[in-house]
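S.K.: Listed below are the residues making up each chain.
There are 2 protein chains.
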Amino acid sequence: MPEDHAPHPTDRARLRRTNQRGSYDPASLYAMLDANPVCTIGYVIDGKPFATPTLQWREGSHVYWHGSSASRMLKKSLGQEVCLTVTCLDGWVLGRSAMHHSVNFRSAMLFGTAFRVEGPEAKTDRLKTMVDGFFPGRWDMLRPMTDQELKATAVFGMEIDEGAAKVRSGPPIDDEEDYALPIWAGVVPTRTEFLPPEPDPRNLDGVGLPDHVRDFRTG
Amino acid sequence: MPEDHAPHPTDRARLRRTNQRGSYDPASLYAMLDANPVCTIGYVIDGKPFATPTLQWREGSHVYWHGSSASRMLKKSLGQEVCLTVTCLDGWVLGRSAMHHSVNFRSAMLFGTAFRVEGPEAKTDRLKTMVDGFFPGRWDMLRPMTDQELKATAVFGMEIDEGAAKVRSGPPIDDEEDYALPIWAGVVPTRTEFLPPEPDPRNLDGVGLPDHVRDFRTG
Numbered sequence: 004m005p006e007d008h009a010p011h012p013t014d015r016a017r018l019r020r021t022n023q024r025g026s027y028d029p030a031s032l033y034a035m036l037d038a039n040p041v042c043t044i045g046y047v048i049d050g051k052p053f054a055t056p057t058l059q060w061r062e063g064s065h066v067y068w069h070g071s072s073a074s075r076m077l078k079k080s081l082g083q084e085v086c087l088t089v090t091c092l093d094g095w096v097l098g099r100s101a102m103h104h105s106v107n108f109r110s111a112m113l114f115g116t117a118f119r120v121e122g123p124e125a126k127t128d129r130l131k132t133m134v135d136g137f138f139p140g141r142w143d144m145l146r147p148m149t150d151q152e153l154k155a156t157a158v159f160g161m162e163i164d165e166g167a168a169k170v171r172s173g174p175p176i177d178d179e180e181d182y183a184l185p186i187w188a189g190v191v192p193t194r195t196e197f198l199p200p201e202p203d204p205r206n207l208d209g210v211g212l213p214d215h216v217r218d219f220r221t222g
Numbered sequence: 004m005p006e007d008h009a010p011h012p013t014d015r016a017r018l019r020r021t022n023q024r025g026s027y028d029p030a031s032l033y034a035m036l037d038a039n040p041v042c043t044i045g046y047v048i049d050g051k052p053f054a055t056p057t058l059q060w061r062e063g064s065h066v067y068w069h070g071s072s073a074s075r076m077l078k079k080s081l082g083q084e085v086c087l088t089v090t091c092l093d094g095w096v097l098g099r100s101a102m103h104h105s106v107n108f109r110s111a112m113l114f115g116t117a118f119r120v121e122g123p124e125a126k127t128d129r130l131k132t133m134v135d136g137f138f139p140g141r142w143d144m145l146r147p148m149t150d151q152e153l154k155a156t157a158v159f160g161m162e163i164d165e166g167a168a169k170v171r172s173g174p175p176i177d178d179e180e181d182y183a184l185p186i187w188a189g190v191v192p193t194r195t196e197f198l199p200p201e202p203d204p205r206n207l208d209g210v211g212l213p214d215h216v217r218d219f220r221t222g
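Residue numbers (the working numbering), protein chains in the order written: chain R, 4 to 222; chain C, 4 to 222.
Everything labelled a hint here was simulated from the structure, so no lab data went into it. Since the model is a prediction, treat every value here as computed from it, not as a measurement. Any given hint could turn out to be false.
Below, in silico cross-link-like pairs of lysine-lysine (PhoX-like), each with a Cα-Cα straight-line distance of 20 Å or less [stated by the list, open to error]:
hint	chain 1	residue 1	chain 2	residue 2
1	C	K51	R	K51
2	C	K154	C	K79
3	C	K154	R	K51
4	C	K78	R	K51
5	R	K79	C	K154
6	C	K78	C	K51
7	R	K78	C	K78
8	R	K154	R	K131
Chain C regions said to be covered by chain R (calculated; three or more residues, Cβ under 8 Å) [claimed, not checked]:
hint	segment
9	42-56
10	101-113
11	137-143
12	181-191
13	201-213
Backbone N, C-alpha and C fix where the C-beta goes; we use that ideal spot for every residue, glycine too.
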């Protein structure tokens with residue numbers, strides 16, 4: 004995966020760069036965000052970099068994340084510029100030279116200013132969208148949130164107004180003369196596997212597996 | 004995945020925090036780095052945050068990454084503090100209330116100062132370690148790197164001297180009274196799946212699949 008979204012020039016043939024920082028193709032970015040709930044958010048706190056993993060979810064042209072209201076990092080990020088990155092590794096690309104080894108991936112970087120979702124109703128709406136986005140219909144099956152829980156939860160967001168999406172796919176691109184070498188080249192594809200759900204041992208008798216668990220997938 | 008490594012207090016029972024920023028358990032950090040080659044590096048450039056995905060590999064108490072020598076971000080990060088994060092999502096945790104939904108994961112955050120590996124020999128040694136770390140024995144099977152390729156490749160590193168590792172595992176931890184509710188709770192485990200290798204259509208006849216491809220795994 005090319006560092007800094009600036010791949011080796013020789014690998015550019017396979018890279019579909021949908022944009023540069025400063026412009027973007029919303030459909031590509033949205034698709035990557037929707038496929039990859041795990042993100043890493045880059046912050047600057049007191050001049051120092053932090054890259055923290057969390058979950059993100061999208062509503063229209065906004066992306067949201069949440070955490071503890073006590074989180075120092077969330078508090079410090081309010082009104083600050085952040086960089087939100089999602090990455091999905093799709094395969095390992097083995098070429099006939101070290102230079103042409105690579106990975107197949109989809110990634111997106113967004114730049115924006117973090118705001119806090121204020122007010123219990125707006126916070127509740129965002130959290131419901133998160134839960135139901137992953138597990139359709141689950142929110143209304145749950146024990147409702149208490150005021151105390153809502154207070155303990157901070158929801159942050161940013162407008163998706165600047166970003167870049169990148170994709171690499173397909174076999175290695177080797178130097179033409181290297182194709183004559185007797186070296187195995189190709190791709191080892193990877194994806195996220197979902198194993199059978201593990202019911203909590205304390206589930207009540209007769210409680211069946213909901214469709215939103217049976218059918219749950221990301222990626 | 005708790006934002007900022009500061010989980011909801013109620014989820015702490017399941018979290019094994021191996022340390023706080025300022026101290027760390029090297030064995031835990033090393034294991035996470037070795038299991039998760041995909042990382043995100045947080046930089047500050049001109050006061051703004053960047054979080055860029057790349058691959059990392061570890062040699063002893065150092066972690067390395069690489070990219071194009073032309074990369075603006077790599078150049079700008081030289082001598083600067085960076086934050087390197089790896090994350091492995093192990094499962095989705097569904098509780099009986101929204102609050103006690105979570106994810107099982109392993110993550111590490113490292114803080115350090117980026118240096119550039121200088122000189123063709125040292126650079127070559129690091130890249131060989133990278134390739135052979137993923138695919139044992141592959142380096143010596145490949146067409147050797149050219150001087151031009153080596154010049155086009157920048158290798159960066161940092162000493163692992165400050166960081167934090169975190170793990171959540173196991174079933175949801177619900178409020179005691181919620182266990183009486185007829186709500187399905189449990190975990191949907193996830194892991195990285197490796198699909199059968201896809202040989203490059205231009206592989207020469209008779210070139211067999213190397214063990215380092217057949218046996219390749221991360222995670």
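S.K.: Now look at each hint and say whether the structure bears it out.
M.R.: Each hint tested on the structure:
1. C/K51 to R/K51: Status holds; Cα separation ~10 Å.
2. C/K154 to C/K79: holds (18 Å)
3. C/K154 to R/K51: violated (30 Å)
4. C/K78 to R/K51: holds (17 Å)
5. R/K79 to C/K154: violated (40 Å)
6. C/K78 to C/K51: At roughly 15 Å apart (the allowed maximum being 20 Å), C/K51 and C/K78 satisfy the hint.
7. R/K78 to C/K78: violated (31 Å)
8. R/K154 to R/K131: Within the cut-off at roughly 15 Å; holds.
9. 42-56: Contact hint for the segment 42-56 of chain C vs chain R: holds, 12 residues under 8 Å.
10. 101-113: Result for this restraint: holds, n = 7.
11. 137-143: Since three or more residues must qualify, the claim that chain R covers the segment 137-143 of chain C holds, with 4 doing so at under 8 Å.
12. 181-191: holds (count 11)
13. 201-213: Three-residue rule met by the segment 201-213 of chain C, so holds; n is 12.
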